[in-house]
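A.B. asks: Here are the chains, one letter per residue:
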Amino acid sequence: MSELRPIFNALMRGKTGALLLIMQVAVTLAIVSNAAFIINDRLTYLHQETGLQDQNLFRFNLYTFGKQVDIRQQQEVDETLLRNIPGVADAVVINQVPLSGSGDSTSFNLKPSPQQSQSERAAFFMADEHLLNTLGVKLEEGRNFTAADVVYSQYYDKNAAVALVTRQFIDGLFPAGDGLGQTMYLGDIPLKIIGIVAPMKGPWLKDEKPDNVVLIPQVEGVAFKRVLVRTEAGRRDEVMQQVASVLLASESERVVSNIKGVDELLATYNSQDKLMSNMLLVLICVLLLVTALGISGLALFNVGRRTRQIGTRRALGAKKSDILRYFLLENSLVSISGMILGSILALAMSDVLMRHYSLPRLDNWFILYSLCGIYLMGMLAVYWPALRAAQIAPSIATRNV
Amino acid sequence: MLNMTNISKVYRSEMVQTHALRDFNLQVNEGEFIAVTGPSGSGKTTFLNIAGMLETYTGGTYELDGINVGKLTDNGRAELRNQKIGFIFQGFNLIPDLNLYENVEVPLRYRGIKTAERKRRIERCLEQVGLGARAKHVPAQLSGGQQQRVAIARALAGEPRFLLADEPTGNLDSLMARQVMELLESINKDGATIIMVTHDPELARRAQRNIQVVDGQICDFKLYQGGAEQQRATAGA
Amino acid sequence: MFIHYIDLAWRSLKRTPIVSLLMLLAIAIGIGITMTSLSVYHMMSVNPMQHKDEQIFAVQLRTMDQDASWWTVDNLPHQLTYQDAMNLRQSPVPFRQTAMLKTGFGVKPDNANIAPFMEVARAADSDFFAMFEVPFAHGGPWDKRIDLQGETVAVIGAEMNRKLFGGGNNVGKDIVLDSVAYRVVGILADWKLEPQIYDLNNGAWGNNEQLFIPFSLLPIEELKSWGNNNGWKYEEQKTYQDKLNSEVVWLQYRVELTDKQMQQDYRDYLAGYIKQQQQLGRFNRDDAQGDIKYISQWLDYREVVSDDNKVLVGLSFMFLAVCLANILSLLLAKFLKRAPEIGVRRALGASKTQVFMQHLVEVGMLGLAGGVLGLAIAQLGLHLLRSGFSRYEQVAQMDLTMWLAAPTISILACLLAGCYPAWKVCRTTPALYLKTQ
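Chains as they are written, first to last, in the working numbering: chain A, 9 to 409; chain B, 3 to 239; chain C, -18 to 418.
Simulated from the structure, these hints should not be mistaken for laboratory data. Take these hints with a grain of salt, some might be off.
[As the list claims (entries may be wrong)] Straight-line alpha carbon distances no greater than 25 Å define the calculated DSS-like cross-link-like pairs of lysine-lysine that follow:
no.	chain 1	residue 1	chain 2	residue 2
1	A	75	C	205
2	C	219	A	75
3	A	200	C	173
4	C	173	C	33
5	C	318	A	23
[Said to hold, decoys possible] Pulled from the structure, derived: some chain C residues nowhere near chain A, Cβ distances all over 10 Å:
no.	residue
6	-15
7	18
8	30
9	33
10	64
11	124
12	126
13	128
14	272
15	287
16	300
17	315
18	345
19	357
20	382
Note that the structure is a prediction, hence the values are computed from the model and not measured. Using N, Cα and C, we set each Cβ at its ideal position, and we do this for glycine too.
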């Protein structure tokens, strides 16, 4: 440790350079730790379990403009046609598509409106008895819909009487855990909860409660329909190519549009987050590169400037390893000062980000991870110049330049 | 034309004050060739730097051609230096990545002289020091003596009234030193005033006037009026 | 002299190629990253109608009952109910006004070779076109009379005109939307209004409609909403009329108020309207109120530029600062190493200013080169953005401002970083370096 004093003195002599490097390390640490934290946050979000086989699911719009077409009857025909396409596991006409970023949600209450009561908001999917199978979601408790449960309505003139729900939803509405078999109300319409399904996400992953889902066996006769299809693994593309021609062959006064895989919809919905994490990743990489190059460059300059001094030290008996250690120690001193400053800066930055830009508070572990990473990088960056310094021949001290 | 009265220069560091010059008085007349000698650390170079306005002084007055240097700004000193003074250094101080032509060009650029006039002067000066054919060479391709001749050409290009030389032969062997010395003498004959710092008593004797500096003060004054030829003969014998 | 400085700078940069390259890369990467995020930010934050910024206003009403609240920062829904829209349309105050609905149709072309397709449409009032300065190639908006009576007429976009008719003046022809014939009264010239300030609900970019129909057709043709519908209480909706009578907000409303007086009058009008409706039993809350926001307020309020974008721009500038610190220390080391040469130049008559300028020119050149290379990097970055994220196609672009901004920022940044080293080197005592080398 006796070496620290001369290193410190040398740093004080070239204090602008050292100060700049400290600032650089500090800002680098602040950016890297915050960016890494945001990336981690986004990746956790992007790779969360949806409970749905989004690679096997696809959707399309079916819009009937022919005024003579019997929508109710045609739907029966369409569903049978779709389910008979080879490779299709199941298909339903549905009011909204999971993970697509657009859909409907509503509040379900313990008592019929207008009475005030405990209420819980959920996205609600409406389709016939094929719904659960098409989603590919398992029933955990109770029973599934049967064809007898399904209600076909026009302007909601009739209403279904039963519903399936996710556990997150039922535990929210019935905190005692006794929700199965009970009745809840959509406005003044009673719905008996007949089963609980495995966890699945609704249409919005960014919803406050993305796991709150209610499935209702009801089909509303409208001209504009969304259709959800689940295929056998690996056969989605071939099915997607067929649907339009199969359906239009049956009735041509309509349009099939927006045929898209559910994973594709999800990717579009999440593109901002993917973009953010990619951009930040690039930022971190180039930032580390620039800082490393800065450390290397400055160390090289210092080696050049101190050539004679190093030669003299060597002539006076310093070993190569001593020279190497000198430079590594010097860099450590700068790095550590920068890191102390950088940790404070990182916290301050996180505070600003949290207050003004709706980002979560920085997990302090990320400062520590970034700290270790940057220290290691600094050491690597200075190693080559230090090695060059160690190669300086002692004879340089006596040579006249 | 150069008039120093009671010039003093003090270097202050945290611990000590060093008097590099004290009560330094000197008058130099137009056309003189003065040699400044003295032991190392006596203040020779400080005197030369102050004379060339490279350094400021702590006390006293210094007039160059009737201009009080102490009243000038840094830019004013730079301009005066550029117009009136040529420098020759022991280490030649050529700029390594400029060729000879460009090296000589440097002071002319700062004086804002037009390209054609610059070219005329540079070629004449390089001719004068015998290196006209090597204008495109870089300093590293020349011997020490040749480099010093380029430095002299550079000093001459600005047609200075004053030539300040700091150990101009210090890094040269005796043959080359003699050539450089002869060049300086011929320049002096052409009218330039020369102040040369040297530790070589033989060279010093060839000057018209000899000043010895010890401990920042002038302690000896010798005149070798018309004695140059004589001295050389004695030395050669 | 300037040209001479450039020559000197070039020599100096060449003399230390590795350090020069390091500095160049640092500034180029810094500028590249900064310009990529700044370009996206710049394009996103553009106001497409700056010249009418404080004249076109979005109208909002706090219509919910006392115990209900909205999720917006100011507790105001973004859209209006049908009853409110119809009532506000009676107001004599605004210079122009339009209620709007995003809807859509199945379009069946006459030409049997073109398959029927789905098309987004906008139901609006005839003022829409003048208010948003929509250019016509043929014909014009429908008559004001139709805004009151409802008639199946349409204005179609240039692209739609090409698609359906192969271009040309087709005013007077019919198009079939959902099996209903609409007479074309106007054909637009090529037109883009982005961000789409008249309706930001479903994305701000790439959504300008190609099909416009009178808002007065809503109850007649029972136009479906293709946009957002939000309610704050349970209401039975068994018929289209139920929806028209409901408290569901689903319509956009814009007014053009040309001067301060008119704006104040409209605010007063809204306040009066709320009082009147409260007497009719609606707006059961103490703080029921109306609000109008002009274009840039609206863009800001609807967060067209996302927080992520702002954070990215901030981080990129911090990154640029790191690059500058890097360059600064390299320049410092480089310039000070050259102190002996500067000593000689000073001895030969260079003034401090001249030495300072010589070095600034050098860093300026570095900045220019870095800026140009940075532009290339930014172009690459934007290209990657466009190809990787389709929704960025419209905004991952550089306009002239950004093209000029890149070298400007780069040179300024470099000069900033170069000032200290240049100052430092010009004030070193020349005498120090002359004695020995």
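A.B. asks: Can you list which hints this structure breaks, lowest number first?
C.D. replies: Those not satisfied are hints 3, 7, 15, 16 and 17.
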